[in-house]
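Two independent chains are provided; combine them into the complex using the hints.
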Amino acid sequence: MDDEAGRPSGTELRAALLGALSHELRTPLTSLGMLLDLARRQAAQTGEARLDADLLRVFELSLRELQRLADGIQEISRIERGIWQLQPQPAALREVVERLRAVLPESVQLTITEEAPAAPSGRWDVGRLAEALADLAVAANRLGAGTGAVALEVRPGRSRGSVEFRLRSGEPAGENLPFGTDAGFRYFRALSVIAIMGGTVVARRTSGYVEIAADIPGGGEGT
Amino acid sequence: MLRSPPTFRGEERGPDVPPMRILIAEDEQLVTRLLRTVLRQAGYDVKDVRSAAEAIAAIREEDVQLVLLDMHLADGTGLRVLEALAELRKQLPVVLMTGEDLEPDDPRIRLVSAVLRKPFDVGELEETVRRHIA
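Sequence order for the protein chains is A and B. So the first sequence is residues 8 to 230, counted in my numbering. So the second sequence is residues 1495 to 1628, counted in my numbering.
Isolated chain B (complex conformation) (with noise of 0.2 Å):
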């Protein structure tokens, strides 16, 4: 499907443009329930699951531009979604979203577009996404 460049928001692609779609693979659902409200704001589309097999499957099936990953899912950690992703579509971009205290040199940063620490605010989201979406 074709789809314009990404813009600051998604609401400013034009009425005749789908909008972007960003995966959210993400356990706690009061984080999936801001993420999603902020997001929708911003004029993207959403799909949220709460395992890594839903993770996966979603991003096997579906076209989705982003992946927003945290590192704890209810079936296992993201990892597994990062080593799918790398068989599956490795150019699509992973933010990963934690509140874990990375190493610099931990592998899993080399296997995401951006890491997003929390707590982070919906200005860095909103920058963080609109950077790497594709």
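The shape of chain A in the complex, shown without the other chains (with noise of 0.2 Å):
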């Protein structure tokens, strides 16, 4: 890790991401796996299975998290092979923060406490760009306070043309810790996604406290 930038290196970044990975598939085949456990203790009992509607709704969901888990290891394979191709059209600072806001889940709400006057416009992959920072904002979320209150700056970055999404979740206090797998599989999928753009990640966690400052080139950088 580089203690100073806040940065993990390569290496560190495959191993927690994998490690992300793991945990998070072990969720839904928890899910799925009692889930048949309980019908076939029915069908044991009764000669037949069913499931009541609450019951087929954690079956659905947890299909749909392991698909969404199968689609974000396409995406990084795709990554890695050079086959990843953006998008980047001229748009306006105000296009991503809006679509930003259309991609976030339900449970995460954004505040807008500072939006840039000095960086308007760029060339972005929009929709992958606000993908990256909803999923930034989910990580902030997850490992802040928890409280689904994300605050969001928007100010020019380090260098010319570039700006910087700073996402917050709760209060700084005590020493910083490791992310680990914690961040969750789709903050290390942001981190390829960004990287591929040009951008940088720097990132800070204490005690129920996060935060993640993306500093993405304003010109479309990336294949």
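Possibly wrong hints are sitting among the right ones.
[As the list claims (entries may be wrong)] Just some of the chain A residues that point at chain B, by a computed CB distance under 8 Å:
no.	residue
1	18
2	22
3	26
4	28
5	30
6	36
7	41
8	65
9	120
10	156
11	158
[As the list claims (entries may be wrong)] Not close to chain B: a few residues of chain A, all C-beta gaps over 12 Å, as computed:
no.	residue
12	47
13	74
14	80
15	96
16	148
17	166
18	226
[Stated by the list, open to error] Computed Cβ-Cβ distance ranges for the label pairs, DEER-style:
no.	chain 1	residue 1	chain 2	residue 2	range
19	B	1611	A	77	34 to 40 Å
20	A	70	B	1624	29 to 35 Å
21	A	25	B	1582	35 to 41 Å
Derived from the structure by calculation, the hints contain no laboratory data. Beta carbons: idealized from backbone N, C-alpha and C, even for Gly.
And the structure:
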């Protein structure tokens, strides 16, 4: 880990991504396995198995979660093989933020505390950038206060024309903590996507607090 | 409150004895829903929470006999709950549910009664709860 910048090395990133993936696959697998056990028991007692609407919903959502993870793995594979195409287009910063709000899960609400007047537009693949930022916002909520409220600051980045998206959850307290696999697969996928855009992510976590700053070039770098 | 000794299934404890209470601390709603179904079918009373703060409050204020604890909670890690438990109710059995690849010398293992590694099945869950509930 580059401690000063808070950035993981490539090897650390890969290890954390695989760890997070293994961890997240186990949750829907647990649900599906338990549903199967419940159905088997019922079949053994009554000769047939029926899942009520509530448990059918668990089945559906578990499958959907596995699908989401499979899509994420495929995306990372494409990035690593160099066949993942960005489609940067001239876009206003406001479009990125609007798309970000649209793709955020219902469990996370974004509060914009500052918006950069100096960097109103750039060339971005708005859809993919918004998805990556949404993944970072989900991770910020998960590792931060967990209240669903995530603050976003958008301001000029460190290099010319770049924009920094700074996401925060909770209040800083105590010593810095490692991210480890706690951040979740989506977080590590977002790091890969932002890296291919030529951007960088710097993150800090303490107990109940997370701050994730993504610095994204405004010129549509990457392929 | 007087409770009968644990039996294999909660409903076998007799009509006059209140069911033993299990606290589920898990932020994944789907897993919680299933755990609740399985444990209620086995005759246990179940309370579920999503965050470490809620879990600590429930342990402090309510009569629970076992905690099923996930390491990832909505407001932080399950480790916070384990640390609080060491001060509040050291003898309360805790079963840690995790998909993490824990090393045998992981300090968290010393703080819990048992580890259920995801994915686990209904039989493993029931057997682990039966063995550790007090």
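Given hint residue 120 of chain A near chain B, where the shortest CB pair must fall under 8 Å: violated (21 Å)
Does residue 96 of chain A clear chain B by more than 12 Å, comparing its Cβ with all Cβ atoms of that chain? Residue 96 of chain A is indeed farther than 12 Å from all Cβ atoms of chain B, at 37 Å.
Holds or violated: is the Cβ of residue 30 of chain A closer than 8 Å to a Cβ in chain B? Hint on residue 30 of chain A: holds, closest Cβ of chain B at ~4 Å, below 8 Å.
Proposed interface contact between residue 65 of chain A and chain B, which counts if any beta carbon pair is under 8 Å: holds (5 Å)
When you look at the beta carbon of residue 80 of chain A, is every beta carbon of chain B farther off than 12 Å? holds (16 Å)
If you take the shortest Cβ to Cβ gap from residue 18 of chain A to chain B, is it below 8 Å? Where the cut-off is 8 Å and the nearest Cβ of chain B is about 17 Å from residue 18 of chain A, the hint is violated.
Against chain B, does residue 47 of chain A hold up as non-interface, every C-beta pair farther apart than 12 Å? violated (9 Å)
Least C-beta distance from residue 226 of chain A to chain B larger than 12 Å: holds (38 Å)
Is the Cβ of residue 166 of chain A more than 12 Å away from each Cβ in chain B? Holds, since 34 Å exceeds 12 Å.
Should the hint that residue 26 of chain A touches chain B count as held when the rule is a Cβ pair under 8 Å? With Cβ-Cβ at 7 Å, under 8 Å, it holds.
Cβ separation of residue 1611 of chain B and residue 77 of chain A, checked against the hinted range 34 to 40 Å: Violated, at about 22 Å.
Does the interface hint hold: is residue 158 of chain A within less than 8 Å of chain B, judged Cβ to Cβ? With Cβ-Cβ at 16 Å, over 8 Å, it is violated.
Going through the hint list in order, the structure does not satisfy hints 1, 2, 4, 9, 10, 11, 12, 16 and 19.
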